[in-house]
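This is what each chain is made of:
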Amino acid sequence: MVRLSLKNVAVSDAWFNRLVIGAVSLGFLALLATGLAAYLSVQENQYHASRVNHTFQVEQAITDFLSAMDRAEIGRRGYLLTGVAAHAETYESARKRLSPLLARIRDLTRDNPRQQANVARLIALTRGDLPFMDQSIALVRSGQRDEGVRLFRNSVGRRAITVLRAQATVMMDEEIRLLAIRDAATARSIRLFYVTIATAGAILLLVGVGSIRAITGYTRSLATSRDELRLLNTDLEGAVRKRTADLQRANGEIQRFAYIVSHDLRSPLVNIMGFTAELESAGERLRATIARAEAEAPHLVDKETRGAAHEDLPEAIRFIRTSTEKMDRLINAILRLSREGRRQIMPERLDMNAVFAGIADTHRHQLDAKEIDFSVATRLPSIASDRLAIEQILGNIIENAIKYMAPGRRGRIEIRGHMEHDRAIFEIADNGRGIDPKDHDRIFDLFRRSGMQDQAGEGIGLAHTRALAYRLGGTISVESELGRGATFRINLPAAFVAEQEV
Amino acid sequence: MNSHQPVNIIMIEDDEGHARLIEKNIRRAGISNIINHFTDGTSALAYLEHAPDGPTHNGPALILLDLNLPDMSGIDVLGRIKAGTNPLKRTPVVVLTTTDDKIEIERCYDLGCNVYITKPVNYESFADAIRQLGLFLSVIQVPDLPEAND
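Chains as they are written, first to last, in the working numbering: chain C, 4 to 505; chain Z, 696 to 845.
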């Protein structure tokens with residue numbers, strides 16, 4: 004069930020990632036499209052605005068032209084009527100502006116063939132009109148005013164002006180028509196812009212709502228799985244706590260068992276040894292009696308009886324003795340282990356260099372006697388642990404190193420140490436006789452030994468050492484080859500944490 | 696020992712062999728007082744408290760107590776003897792057992808045990824200890840019980 008719910012989370016993870024990427028891409032695409040549409044709309048708008056502006060310019064030019072024409076006509080008529088030179092000047096100045104204005108109109112409408120035709124007609128009309136006007140002015144100026152008035156009265160000029168106006172109006176109408184078209188186009192492009200913006204907005208809104216829903220859903224499912232995980236974790240912690248408690252109970256039971264067994268084994272041992280001693284003293288009395296009998300009545304004592312009293316009995320008693328003594332040592336070892344296991348661990352900060360120096364001092368006599376070089380690396384990591392247990396562990400290993408030096412080689416014991424995360428590792432390396440790799444596990448078992456049995460010992464030290472290391476939350480291992488020394492590695496937590504507190 | 700009344704030695708010890716060895720060595724030390732041997736706590740307490748010839752009704756006593764008894768812990772026996780209301784509370788109790796656990800020893804002394812001796816496994820030491828206990832028994836003064844004085 005656990006695996007299933009975790010898998011669900013994983014599946015929705017991939018789904019969610021795809022969804023978010025899709026939504027974000029869609030959103031960005033919509034934004035991009037909006038931007039593009041806006042750009043195009045503005046561009047088109049600008050074009051239309053410039054066209055409209057152009058139309059206004061054309062209209063303005065036509066109006067200018069018409070007003071210049073009117074002014075010229077006004078000037079001419081005034082001059083014809085009054086002969087005042089100022090009117091002639093008005094005519095001249097307006098007359099001068101006509102050609103450039105026509106040229107401007109022609110230039111502005113160059114893109115429109117219809118207007119070009121209109122312009123051509125306007126130019127033709129103007130050209131047809133102007134010589135009469137110029138002539139009437141010239142006549143007045145030369146004093147032939149009546150001639151000039153007559154020329155005016157021919158009304159050619161007047162008719163020409165009217166036609167000209169009509170023509171200009173045609174052009175204006177054309178421009179107004181164009182303006183209407185262009186306005187419509189502008190309105191259309193603006194509408195398109197709005198539609199685009201609205202569409203993009205709608206898409207963004209959809210994407211946003213969709214994303215928010217997806218995120219909310221995902222967050223909810225995440226929260227659910229987190230709660231599940233927390234529950235699972237709590238269960239796990241509970242399981243670990245329960246297991247630790249079980250282990251401690253089991254350990255405690257073993258300790259009690261070992262304690263009771265060793266005590267109950269001791270009682271019969273007391274009897275065996277006691278009554279063996281009684282037997283021995285009884286045997287002595289027997290031997291004395293046999294000796295007396297041999298002296299006084301030798302025929303009463305046969306060879307077997309003498310042998311039994313002098314050899315068989317003492318031999319049997321000797322074997323019983325050595326066996327019970329050995330058993331006593333073994334029972335004491337179990338008792339010691341059991342008692343060590345029940346001792347309260349009291350962690351304190353330990354300067355490991357000082358600890359090793361203390362151990363070296365304890366064994367100074369042996370080290371000097373065997374001429375062993377004992378070196379400790381400077382600045383070993385310090386730990387917080389039980390001083391007595393640490394001293395026993397390290398003391399035991401160093402004692403072994405001293406005990407099992409290789410003959411014919413100057414002994415050397417090196418202590419090294421370093422930290423690995425929150426664990427301190429200490430190495431005790433010697434150049435002694437070494438341990439056969441097949442015995443590496445065995446040497447840590449109770450009553451088991453390895454190699455040449457030429458040194459006193461019960462096979463208790465390393466078992467004790469390992470039990471202590473376990474109690475401190477540590478481990479111990481060995482690297483060695485026969486004849487090439489051994490390196491014992493002790494891995495301890497930098498700070499001891501009591502199991503009960505977990 | 697006591698000048699006007701001999702002190703009875705009451706030995707509460709479930710192991711017959713131990714009892715025999717203890718008795719032998721006490722005798723070897725020259726102690727000839729009567730030794731009453733009980734192998735369980737119930738019968739020992741019955742004798743101590745109710746028997747007409749037991750210490751409560753008849754004369755001073757000295758108790759040798761083993762802690763590992765089949766029916767109850769020697770500590771319970773000790774607690775009962777040394778309880779404030781028990782007329783036997785001033786009776787000397789020598790705990791003689793295989794246990795040399797520090798906590799156990801402390802508990803016995805807390806309960807009012809007078810001497811605590813661990814039985815050495817080595818027989819020579821054992822015999823020696825018992826003989827010395829015998830010498831000790833020959834010089835200590837045991838208080839008379841109120842009833843015995845009446």
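To be clear, the hints were calculated from the coordinates, so they are not data collected in a lab.
Every value quoted in this text rests on a predicted model; they were computed, and no experiment measured them.
Don't take each hint at face value.
[Said to hold, decoys possible] Derived lysine-lysine pairs resembling BS3-like cross-links, with alpha carbons at most 27 Å apart:
| # | chain 1 | residue 1 | chain 2 | residue 2 |
| --- | --- | --- | --- | --- |
| 1 | C | K329 | C | K306 |
| 2 | Z | K777 | Z | K797 |
| 3 | C | K329 | Z | K797 |
| 4 | Z | K777 | C | K329 |
| 5 | C | K406 | C | K373 |
| 6 | Z | K797 | Z | K784 |
K777 of chain Z and K329 of chain C: Cα distance at most 27 Å? Violated, at about 39 Å.
Holds or violated: K329 of chain C and K797 of chain Z, Cα atoms, limit 27 Å. 24 Å, holds
Starting from K777 of chain Z, check that the Cα of K797 of chain Z is at most 27 Å away, please. 20 Å, holds
Does K784 of chain Z lie within 27 Å of K797 of chain Z when you go C-alpha to C-alpha? Judged against 27 Å, a Cα distance of about 24 Å means the pair holds.
K329 of chain C paired with K306 of chain C [C-alpha distance capped at 27 Å]: 33 Å, violated
For the pair supplied as a hint, K406 of chain C and K373 of chain C, confirm whether the alpha-carbon distance does not exceed 27 Å. 10 Å, holds
Violated hints, in rising order: 1 and 4; the structure is consistent with all others.
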